[in-house]
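There are 2 protein chains.
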Amino acid sequence: MSVVVEKWDRFEIEFAGPAEGNPFTEVKLSAAFRHGDTKIEVSGFYDGEGRYRLRFMPEQEGEWNFATRSSAASLDGIEGSFSCVQSRKGNHGPVRVRDRFHFQYADGKAYFPFGTTCYAWIHQSAELQELTLKTLEASPFNKIRMCVFPKHYDYNHDEPELYPFPGSPGTGFDFTRFDPAYFRHLEKRILDLQALGIECDLIIFHPYDRWGFSDMGQETDERYLRYLVSRLSAFRNLWWSMANEYDLFLRDDGSLKKDTDEWDRLARIVQGQDPHAHLRSIHNCLKLYDHAKSWVTHASIQRVDHYKTAENAAEWRAVYGKPVVIDECAYEGNINHGWGNIPGQEMARRFWEGCVRGGYVGHGETYVHPRDILWWSHGGELHGSSPERIAFLRNIVENAPAPLEPVLKPAASLFDPNWDVALGRAGDGYSLYYFGFCQPAFRVFDLDAKENYRVEIIDTWEMTIRELEGSFSGKFRVELPGKPYIAVRITRVD
Amino acid sequence: MSVVVEKWDRFEIEFAGPAEGNPFTEVKLSAAFRHGDTKIEVSGFYDGEGRYRLRFMPEQEGEWNFATRSSAASLDGIEGSFSCVQSRKGNHGPVRVRDRFHFQYADGKAYFPFGTTCYAWIHQSAELQELTLKTLEASPFNKIRMCVFPKHYDYNHDEPELYPFPGSPGTGFDFTRFDPAYFRHLEKRILDLQALGIECDLIIFHPYDRWGFSDMGQETDERYLRYLVSRLSAFRNLWWSMANEYDLFLRDDGSLKKDTDEWDRLARIVQGQDPHAHLRSIHNCLKLYDHAKSWVTHASIQRVDHYKTAENAAEWRAVYGKPVVIDECAYEGNINHGWGNIPGQEMARRFWEGCVRGGYVGHGETYVHPRDILWWSHGGELHGSSPERIAFLRNIVENAPAPLEPVLKPAASLFDPNWDVALGRAGDGYSLYYFGFCQPAFRVFDLDAKENYRVEIIDTWEMTIRELEGSFSGKFRVELPGKPYIAVRITRVD
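Heads up: the protein sequence lines correspond to chains P and V, in order. For what it's worth, our numbering labels the leading residue of the first sequence as 2, then goes sequentially. For what it's worth, our numbering labels the leading residue of the second sequence as 2, then goes sequentially.
Hints listed in this document are in silico derivations from the structure and should not be mistaken for laboratory results. Some clues are possibly wrong.
When chains are identical, the list treats them as one kind, so a pair holds in a single copy or across two.
[Unchecked claim] With a straight-line cut-off of 25 Å between C-alpha atoms, the simulated BS3-like cross-links for lysine-lysine are: (1) Lys476 with Lys40; (2) Lys90 with Lys451; (3) Lys189 with Lys90; (4) Lys40 with Lys189; (5) Lys476 with Lys451; (6) Lys309 with Lys484; (7) Lys309 with Lys410.
Next up, chain P with everything else stripped away, as it sits in the complex (with noise of 0.2 Å):
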């Protein structure tokens, strides 16, 4: 009998090892992984009650071998093997980036990250988190920022049921062993998400802690890193945030708990760790991290300026050279907090200036609830008017022959009216013009005179599209609706 795993499916091994003393510490146990010549060095971690797991993401086809290493005799040398077979319908591996600026699976096929936020929806009520999925499943997101850790802020007092440490917030925390059934949890929320095709956008850190979880020490920061990357990186939808807004951490007296250096050497951890490689980056909150930076796969990115957020999409890509998903642009809501109550439009607005500009954008929500279950951080159910227009938008963003590339225009000047419009080209036979507040009654566009095109008008807002008549050529005008959030389609007819 054999085992077999499906392509980019988790293989996964559980042996009987030393459950005395500290195993999280005193334990160590690796295997390397063989095809052909392909040979992937994969950590194991402990999983309490004398159990250890090593867990495999096979990225190709065919016979593996694998053999363990170990501290513990019981461990070491242990040998076996499995069959990779082709995947699922369903199944297209990890999300890699594709062509500088965009996203695929593994196994070719597109991925635009239309993404939302519930950051501890994973530390609320079991029946608030099933909710939770019967919502996103609904939903048009394909993919969520979620915090490893519980969060303590405004709306979000209530103690999570389990902890990653071993202790409670009266008596302490065991910094140096975890508490397998949090991570078990973290895990089944996981593969939950990926049953919906969610990517989960896993935030390692975050600020905003009462138990201690932001200010570990290097040591501890270090073990959590590994034994979280051992645990995880075999799951397939899987992305690792460094941090929500990595520059909030601070001490009381104003020190970092880490600075971009340390940073940096966190990251540097988990990339060396994960043997699948998957995606990594790291979020702001009011200066955007230096996305260049190697290590850094793609720009993740919290609006720096109330009022000019995913306009900058395009000059982001440039300055990064990465794929830009400007995830945070602020909360549809109507929240307190000023970055947690813009209006439907706006939020849908955000969306198609950062679509059409070659970039991408997140979605968050934050409106007033009389339990105070905020979308958020709780996750729960959705109140807003952008989510539907959020869906309109990525049919027509999937829809496209190609991912979305920006136009750069030169400066506005007298002789050019386009100052109102941002234009999105998906091949040289595609293009998405976007007039996000404007409200123009017409608009010549002057093409190529030896092609035909047909032309489409989009009102995002009432998620019409309405083809004109005939096909254009040449120099043309077309009639607009006047009002805000109209787009216009126009395709070659070949």
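For chain P, the structure is supplied; the task is to place chain V on it using the hints.
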């Protein structure tokens, strides 16, 4: 019998003189006006048909004497006098800078510019000009940007009835002479505006030109400036705008018709020639002028970013140390040009964003019209939704106890929810908060616990002001409408 002139009104005297040759270039005329120890040199001008004029705006009450000097014997050594008396109601004198960032009339009355733009309204049909004046009378606008020269641009292809120089587009123009009828018409319109309490922000040069007026050469430019200033500086409701879009004066070969040094030189001619020190500025297209220069009395700004405009007012105040007038923040309308199709909501928002930051914003309108009559250039009627809201704002600003000064916030942080709000103060007992496109459902204010405050919720779009019952003190929560375009006015109750 003695001549009596109201303070800040126009003393004008006509002399017969030589009509032969070219009096515009050949005859020099000036006068010294004296009042006690005050002596002011004023240039006269040739008004055609052997008539010469001297104009003067007395700024001190009492007896004034004058004596002419001229290269023509018949105009030389003429003496006279007049009495300057107290100004009547409605005559507050010219507008000056007040408290570094604001304006007031010469009599000390505060002046808050709420301007509009009709570049070429005086070059339209007489009927349309009268309609424009009628519209202005009912409007909230107390300043208008308008050009001396006719305008050539999209929607602007008609020939004007008159030209500033003798000649025609077919035969060419004699740049060594002026057509006094042209300037008399301009003066009539300036007086019409004065009667309506409207400042004329007169654009001396502009680039939208098919007649050659934007590239006449230094000698003609200078003669034109001296002639213009001699004719107009005695009009109290006059501001000098050296150029509209100074940075678009380009020849076909790409060379500059006037560079920055030349603009400075020309501005200093105006400054030196104008005995009444009217306000002076210059207006950009793509690149802001260096408004810190000494001849500039206030910044005159066209927004250089499509998305973020009046939100920069406080930064620009800090950079230039002068009043900031964002007199072109885009146009409410729906034309094809990207600068000319923002909705009324966005125009009104820009006014508020600028005003609460201690700046001033200008209006313009460009709605598609069956006969191509667009307020922006031609005047006529207003069709938009912003003027009514601008009137509402003007009333609020004019009834504040002092001009609004921006409260500069520290960078948005984890602990400050007020990312979304701009705050202006008029003295320490009056605060005006503006939430722009954000829609908070409530906000907690933290004010002096020893004082009592009145709180009013202002819906800037619906134009309602609702005072909350009771008085407030210390830290208190205010329920807000949870929709965009809301302001909160908090006034200390003494």
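Right, here's what the structure says about each hint:
Within a single copy, Lys476 and Lys40 get their C-alpha atoms no closer than 59 Å, and across copies no closer than 64 Å, so neither meets the 25 Å cut-off. In this homomeric assembly, Lys90 and Lys451 never come within 25 Å of each other (Cα to Cα): the closest approach is 42 Å inside a single copy and 68 Å across copies. Proximity of Lys189 and Lys90 under a CA criterion of 25 Å is satisfied intra-copy only: 21 Å inside one chain copy versus 80 Å between copies. Within a single copy, Lys40 and Lys189 get their C-alpha atoms no closer than 29 Å, and across copies no closer than 90 Å, so neither meets the 25 Å cut-off.
Taking CA atoms no more than 25 Å apart as the test, Lys476 paired with Lys451 passes inside one copy only; the shortest distance there is 11 Å, against 68 Å between copies. In this homomeric assembly, Lys309 and Lys484 come within 25 Å of each other (Cα to Cα) both inside a single copy, at 21 Å, and across copies, at 20 Å. For the homomeric pair Lys309 and Lys410, the shortest alpha-carbon distances inside one copy (18 Å) and between copies (18 Å) are both at most 25 Å.
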